[in-house]
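Novice: Chains as they are written, first to last, in our numbering: chain A, 1 to 277; chain B, 1 to 769; chain C, 1 to 156.
No lab work stands behind these hints: they were computed from the structure. Certain hints may be false.
What the hints assert, rightly or not - In silico lysine-lysine, DSS-like type, Cα no more than 30 Å apart, as pairs:
1. 150/C with 53/C
2. 125/C with 260/A
3. 347/B with 430/B
4. 206/A with 276/A
5. 261/A with 765/B
6. 30/B with 269/A
7. 274/A with 765/B
8. 759/B with 124/C
9. 759/B with 260/A
10. 645/B with 9/C
11. 9/C with 30/B
12. 98/A with 9/C
13. 265/A with 645/B
14. 114/C with 88/A
As the list claims (entries may be wrong) - Some, not all, of what chain B presents toward chain A, calculated at C-beta under 8 Å:
15. 120
16. 124
17. 126
18. 637
19. 702
20. 706
21. 749
22. 758
What the hints assert, rightly or not - Partial list, derived from the structure: chain B residues whose beta carbon lies under 10 Å from chain A:
23. 62
24. 66
25. 118
26. 119
27. 280
28. 282
29. 635
30. 638
31. 639
32. 677
33. 694
34. 757
35. 762
We put the CB at the ideal spot given by N, CA and C, even for glycine.
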Amino acid sequence: MLLNPFTYHSPKTIEEASNLFGQLSRARFLAGGTFLINNLKSLKRRNLATPDHIVSLKKISGLHEIKLSSNKLDIGSMTTLDQIIQNKDIEQKYPILKQVAENIATTQIRNMATIGGNVCCRYTWAEFASCLIALEATLCFHEKGEEIKVLAEDFYKNSAKSKGILTKISINLQENANIVYQRASKTSGVDVPMLTVCIKAQIENKKIKNIFFIINDGSSFSKRDLNVESALKDAAIQELEEKAINSIDFSSYALDTDYKKDLLKAHIKYAIQKLKK
Amino acid sequence: MTLKNKDFLNPVGKSVPRIDGRGLVTGQTKYVFDLKLPGMLIGKMLRSPHPHAKIISIDTSKAKKLPGVKAIITAKDTYGIKFGSNEFFFPQTADQQALESDKVRYIGDELGAVAATDEETAEKALKLIDVKYEILPAVFKMMEAIKPTAPQIHNARNNIALILPTNFGNAERALRESDYVREDTFYLPSAAHTCMEPHVCIGQFEAFSDKITLWTSTQAPFKVRETLAKCLKMNLNNVRVIKLAVGGGFGGKLEMLPMDFASCLLSKKAGGYPVKITYSREEEFSFSRRKHPMIYKLKSGVKKDGTLMAISGEVYADGGGYCSYGPTVLAAAMMRILLVYKITNMKITGYRVYTNNPISGAIRGFGGVQSGFAVESHIDMLAEGIGMDPIEFRLKNITTPNMITANKMLLTTNGLKECIEKAAEACDWKNKRGKQKNIKRGFGIGIAADVMGSKMYKSHESAGSIIKIEEDASICFLTGAADTGQGSNTALSQIAAQELGVSYERIKITSADTGITPFDTGSFASRVTFISGNATKLAAHDAKMQILKVVSQEKNIPINDLSLVAEEVINKKDSSVLMTFEKAIELCYSFNYGQQIIGRGSYNPKTTPVDFRTGEGNVSGSYGFEAQIAKVEVNTETGEIKVLKMWDAHDIGKAINPQSVRGQIEGSLFMGIGYTLSENLQFKNGRVVNANFANYRLPRSANACPVESILIETNDPEGPFGAKGMGEAALLPTAAAIANAVYDAIGVRIKDLPITPDKVLAALKSQHD
Amino acid sequence: MTTLNINKKTYNLDLYGNETLLEVLRDNLKLTGTKTACDEAQCGSCTVLIDGKSFLSCITLAKDVEGKEITTIEGLSSEEDLHVIQQAFLDNGAVQCGFCAPGFILSTKALLDKNPSPNLDEIKKSLDGHICRCGGYLKIFDAVKDASKKITNHDT
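Looking at chain A on its own, in the form it has when it is part of the complex (with noise of 0.2 Å):
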């Protein structure tokens, strides 16, 4: 038996695994399982307590779906990765989301893991962080026969903690906003970032309206760099790279070598050429 024993469980609808997980001790939800059955072997190696029971689920109905409106997409929480990048109205209105899913992992990965796994799962090099900050999305859970709001920006504040379970995440659509994303691999081909950087603004006049600006080290979180977006606010096209380096606080990033400092510059520097295009 290569994974220590537990109870499977496989809830058809969100009421029922919110339940089964209250009466349950030790109990760990499995979403796409890209990350919890390698966490399993793993705890199990090393010899350390593993949990009693696993609610799948992959059978509730309703988590599945992408949905979208004139004005907004919902996509359920257990949508993989995959069907993300598949969707045309998604490439139509929605590219940012395409472009993160296709670069996370391998194809294999992206068949399995699903958005909500991705969100929920803590690891702070998780990427739909910092796309969803930008699209300013509304992540909703179910907890204890309610549902429950929160914008994602305050749930990354609060490392991604939460007590319910992720039912779907909310975007409006944002008209004139360009959203652009940069990725830093750690080797060039399949691999974890090592930072990234989102970038969103609208652009009117040749100036920067309403800019959020997002870097994730790796160590941390995705978070909005306020000193970047004060200093970008309102500046002019042609002054934005030479801006957001001087105004970045290096310090408040977990940059230990140089080589990261100007991975970070460069990154900075591609992700505003891209969204000058």
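Following the hints, complete the assembly by docking chains B and C onto the known chain A.
Specialist: Only chains B and C this time, still in chain A's reference frame:
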């Protein structure tokens, strides 16, 4: 039998499909990894958690009582015999016991093993074994280990297991006479083999029949048998080592590991039931074998006209806790220089150092990879020092065909010049290098020579083959050579068919089973096509002569007038077809003759003994050569290096199966790219810290760059149908080709691998300061 | 009782519930074509197709795929004939030691079923979950292109 495919006649030189391919693509072929036997138990090794400690006591009593535990062994159950894979020429390197009795010398060192009904019970039992250690101070850095104050790991003074000195001509005087002299030090990291199939074995020891059967994932079943028999004090004919399909070896499966020994002894103690031991991927990274990290110091001189005057230096190789193939790795790291450059003055001393790190052993390229990077980068810098084009400089100083090197290696066919010229031509070196508008692109060259087998393991290095022709004219071909994916089963079958004069379709091969096939030293040093190929050719010739003798008798035609080609027995005098091959076999088995056709061949390459006090000796029957050119693009903002294309021109004598040859070149080259740009097996206090694929970065499909491989056929007179071996060489020049290309692109020299983006940026910065 | 549909056959298995699909395939059902080269979801050798998409069976719970159509390498060929992709791998020298081959072949099937004429970048991307240590990928790309040609020619 009905022959289906005309293309399979005269198969040498054709890319015929892999003889064992259908089973592989359907998942039907069983590896030892897949094998389950009746009554099989699961074994686990008891390992030291300390890098250096005395074993005070081992108490197995609690573990023995655990239900499901069938056997436990420690050193006291063994004869305590020491072995070392290079012990024939270097007796002092027999420093390892199958299960250590007195001391443990690296984290993971084996001192016992358990067999139980299932994996979980075996693991529980391991935890119940109470070992008392006296922890000793440990040393992890080579240059610390050689100090007189360092902890003593074995009995070797200053922890130096072996010194290999070379001193040809007068290097000091030649350096004095040089117009330009430079000194450089290069740092080579460790690396892992990462075979897809981990180490795995099943041992069965039926004590009352005095019989051992060991199924193991290995490149060298006869080597495993030899060591196993030695440690168990058994006759070779009572130990049968069977190789099934192997999921990659790359040098990591060239010798007996304690797991092989343990599985057999556990089986004996458990009443003869088979015991299977499988390494997890973490064990594979941490406790099998690794590449020797090296410090390579070079000081060389050239004259203004481009004459390479002398190469001198020192090589330090970090061997870890035991010797394994250390001596041959070190020797190979030094001797290849003389295969490539025609110098008479060389003084390099090599030191293989013990440290309390995991064992460094053989890995594809055998030290030639490390030396390839160091020497070829250094050579490039020498060329630059006198303002000469790197290719022009190489051409001026390389070895030639039919010459004897300073250390008495006999080079016969030598396509190095052609390799360099063809590679340069293919990439348009003259016009493209240094002239690209985009200054971030560069071209670099690396060249290398490879040995085809080398008698550094025992007195002989022979290979043997048997060809048995059945009554229906189908053929059973038995050879000792071990196919670990490189395609030797296929290539040797092609050679057999070609020499015999029959279709490749007739051949069914059984290889590398010590109970059935003749001896073969194993798959390493690119030796199989050359050495095992010659043995096969001899066996096929022998079988052919047996057939023709019968035909000669029957037809009353002198045997010298007969030949067997493309399925037909021919009378050479008038080119008439006397009969088909099938009819000839029918004749052999007919009433009047009843002659079984069993062809045999044994081949030992013509070499001279190497004197390891001086480094002199013709170590191989043939040598292969190649040149590699890399085109790279460097992003000076992120430091990222992208290999855009690689050209590889390879003197392989003759390509028995061109597709297999190219497959080996590409695979080897990508391993080289991995070592150059991203692979780095890292240690902290003797423990591997990146023991998984997430953190040990291999090249993946996204990194794959186009490779143009140019095959140069110099038709070696000694090789079967002119073939030399190949398999490793494409790994040797890669690091330097890329490093030299990086230099060409951005004017930065990086002397330690892997060349990662942070090093590139740091080097660029220091250039500006 | 767990019912699994593997290679168009139905298996009723008495499982504890904590088994990975890979374990069930190799240990319970003796389908050893699917390999365990790393057991940490990095190498792709455990790849199977689930409803036509490539999945890593080493991180899939067997109970989670009840009711799905599972295809392993053993389900690709008929009794005697190789699938066109398997033949293409052989014809193009894409198989050396063979340990990674079943995974690559199944991922190729998933790719060509969805996109019968992929370009090189699409091929590289769809095979990014596999490691090959022997061969260096290039001949695998050739095999995929070759299979693609044969499949699209056959259909037109």
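Novice: Check the hint pairing residue 274/A with residue 765/B against an upper bound of 30 Å on the C-alpha distance.
Specialist: holds (26 Å)
Novice: Please verify that hint: residue 677/B, Cβ, nearest Cβ of chain A, below 10 Å or not.
Specialist: holds (7 Å)
Novice: Are the Cα positions of residue 759/B and residue 124/C separated by 30 Å at most?
Specialist: holds (28 Å)
Novice: Once the shortest beta carbon distance from residue 119/B to chain A is found, is it less than 10 Å?
Specialist: holds (8 Å)
Novice: Hint residue 706/B vs chain A: min CB-CB distance below 8 Å?
Specialist: Violated - the Cβ of residue 706/B stays beyond 8 Å from chain A, reaching only about 16 Å at its closest.
Novice: Is residue 30/B close enough to residue 269/A, meaning Cα to Cα at most 30 Å?
Specialist: The hint is violated at about 53 Å.
Novice: Hint check: residue 265/A vs residue 645/B, CA-CA at most 30 Å. Holds or violated?
Specialist: holds (29 Å)
Novice: Take a quick look at whether residue 759/B and residue 260/A sit within 30 Å of each other, Cα to Cα.
Specialist: Cα-Cα ~12 Å, so holds.
Novice: Is the interface hint for residue 757/B satisfied, with its Cβ closer than 10 Å to some Cβ of chain A?
Specialist: With a minimum Cβ separation of about 7 Å from chain A (threshold 10 Å), the hint on residue 757/B holds.
Novice: Does residue 126/B meet its interface restraint, that is, does its C-beta lie within less than 8 Å of any C-beta in chain A?
Specialist: violated (12 Å)
Novice: Does the closest beta carbon of chain A sit nearer than 10 Å to the beta carbon of residue 280/B?
Specialist: holds (8 Å)
Novice: Assess, step by step, whether the Cα of residue 114/C is no farther than 30 Å from the Cα of residue 88/A, and give holds or violated.
Specialist: Holds: residue 114/C and residue 88/A sit about 15 Å apart, inside 30 Å.
The structure fails to meet hints 3, 6, 10, 12, 16, 17, 20, 21, 23 and 24 from the earlier list, while all remaining hints are met.
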